[in-house]
Amino acid sequence: MTEAILFSVFSVSAVCFAVNVIFRRNAVHCALHLVGVLLSVSGLFVLLNAQFIAAIQILVYAGAIMVLFLFVVMLLNVKGESPLLTPGAAKGFGFFFAVLAFVELLWIVLSGGGEGAAHPAAALPPGFGSPAEIGRILYSTWLFPFEVTSILLLIAVIGAVVLAKRKFA
Amino acid sequence: MDIAFLIESAVKVLIVFGFVLAGVPLIVWMERKVIGHMQDRIGPQRVGPFGLLQTVADGIKLFFKEDLVPAGADKVVFIIAPALPVITAFLALCVIPFGDTVTVFGRQVPLQVTDVNIAVLWILGTTSMGVYGLVLGGWASNSKYPLLGGLRSSAQMISYELAQGISLVSVILMTGTLSLASIVRQQEHLWFIVPQFFAFVIYILCGIAETNRAPFDLAEAETELVAGFHTEFSSMKFALYFLAEYANMMVVSGIAISVFFGGWHGPFLPPVVWFLIKLSLFLFFYVWLRATFPRLRYDQLMAFGWKVLLPASLLNLAVTASVLALAGAR
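Chains as they are written, first to last, in the working numbering: chain A, 1 to 169; chain B, 170 to 499.
There could be a bad hint or two in this list.
[What the hints assert, rightly or not] DSS-like cross-link-like pairs, simulated, lysine-lysine; straight-line CA separation at most 30 angstroms:
hint, chain 1, residue 1, chain 2, residue 2
1, B, 234, B, 244
2, A, 165, B, 313
3, B, 244, B, 313
4, B, 234, B, 313
5, B, 230, A, 165
6, B, 202, B, 244
[Stated by the list, open to error] Sample of chain A residues at the chain B side, in silico, Cβ under 8 angstroms:
hint, residue
7, 45
8, 49
9, 56
10, 62
11, 64
12, 68
[Claimed, not checked] So the derived label-pair ranges between C-beta atoms look like this:
hint, chain 1, residue 1, chain 2, residue 2, range
13, A, 86, B, 235, 30 to 38 angstroms
14, A, 48, B, 313, 21 to 29 angstroms
15, B, 238, A, 154, 40 to 48 angstroms
16, A, 48, B, 345, 19 to 27 angstroms
17, B, 174, A, 8, 19 to 27 angstroms
18, B, 468, A, 8, 46 to 54 angstroms
19, A, 48, B, 441, 35 to 43 angstroms
20, A, 156, B, 476, 14 to 22 angstroms
21, B, 436, A, 163, 54 to 62 angstroms
22, A, 162, B, 234, 49 to 57 angstroms
23, A, 165, B, 313, 29 to 37 angstroms
24, B, 248, A, 106, 38 to 46 angstroms
Bear in mind the hints are in silico, worked out from the structure with no lab data behind them. By construction, the Cβ of each residue, glycine as well, lies at the ideal position given by its N, Cα and C atoms.
Could you build the full structure based on these sequences and the hints that come with them?
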């Protein structure tokens with residue numbers, strides 16, 4: 001019962017914040033509502049027994065990445081929005097992605113509602129979601145994707161350094 | 170979840186809340202007295218015995234001041250911003266253990282609001298959210314000096330958070346747990362300041378930067394930025410920023426005590442008293458620093474964070490990990 005109430009609170013607030021991210025004109029307000037989305041989603045993670053992911057979500061996304069977002073938005077002093085696309089093109093893109101999302105959802109529902117719905121009461125293995133367990137599977141089952149991600153991040157770091165250097169050379 | 174548990178938690182929350190609200194005026198008084206004597210002055214002495222009630226008087230004065238909102242300000246954000254750092258400071262204080270488990274009315278009560286198994290991450294997360302109060306306060310004022318102060322604080326936080334987190338990771342490697350209660354319990358015989366001295370130095374330097382205290386108080390450098398991010402804030406909004414700064418000092422000190430200085434462990438005296446003694450020493454250290462060091466220049470601050478503290482913390486982490494692996498501890 002408590003879980004159902006908390007789930008509704010977090011999911012409704014996540015959706016409301018997400019809608020606001022799109023509809024707000026002021027870039028800083030958009031960023032703040034995005035922080036709200038991240039916090040609500042981390043609440044959902046806690047309900048899913050993934051406290052570690054929830055904490056990392058707050059620490060990395062809400063606490064660091066969004067602060068940098070705000071930093072850039074404030075530094076450039078973005079006033080209002082400057083449309084990237086013409087209204088007609090934007091509507092076309094919007095329609096295309098809406099149809100895509102609808103087809104995707106329809107496919108998931110028709111094919112049995114995804115894995116979660118097929119096994120609604122699957123018991124959690126002991127230590128599920130704990131930092132130790134996540135660390136163990138990251139370094140065993142998912143070692144390859146994990147290392148690939150680290151190389152990707154390394155490339156991004158080197159790229160940032162190269163781009164920053166070039167400006168002053 | 171029974172009623173007794175709810176009452177126990179509510180009481181503990183109220184104790185911590187009340188302790189911070191009552192402690193902050195005392196710390197401010199201590200700061201003014203200590204800095205006064207360090208600068209060969211007397212400090213406050215008119216209101217109450219030894220000037221003890223001076224900060225209470227200041228608080229009442231702030232309470233009755235006019236609450237201004239600048240005409241060009243973003244009203245909603247301007248009102249929300251001062252509350253954010255206070256909220257995050259209290260959230261962080263929730264997981265700091267201030268004493269051993271005691272028995273009250275036949276119940277085992279751990280002296281800590283709640284012991285989450287990811288306490289260290291929880292603290293890093295909440296303190297990293299606290300910067301929003303400063304950044305948004307600076308932005309919402311719609312005025313140039315506060316904006317610069319807010320920008321500075323965001324860059325400063327991002328830079329110092331990394332080294333702070335990594336310095337704590339090397340202790341976590343030794344303990345194998347993220348729960349502050351068990352980290353404290355493991356320090357019964359040896360405080361982690363001994364094997365992790367460098368981690369402590371890095372942590373406390375970052376902590377001073379995180380709380381925006383001298384010599385790292387670039388966000389409110391009054392010689393350059395009037396009063397930085399809180400220039401436009403008056404009355405209780407300013408008081409909230411003030412409260413948050415001191416509450417955050419308590420948070421940083423509380424973590425340093427729990428992770429490096431054995432938490433509530435200590436001989437003869439009861440655990441809570443030991444925690445309070447260590448807390449007072451840390452707060453005195455903060456004041457001592459402020460009275461001793463001049464403020465850094467902004468580029469020096471950033472260079473120090475990225476070129477000294479971050480590599481040092483990574484090196485410390487690598488050495489800790491290697492030693493633990495060679496010793497076969499984990």
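Taking the numbered hints from earlier one at a time, note which ones the structure violates and give those numbers from smallest to largest.
Hints 5, 6, 7, 8, 13, 14 not satisfied by this model.
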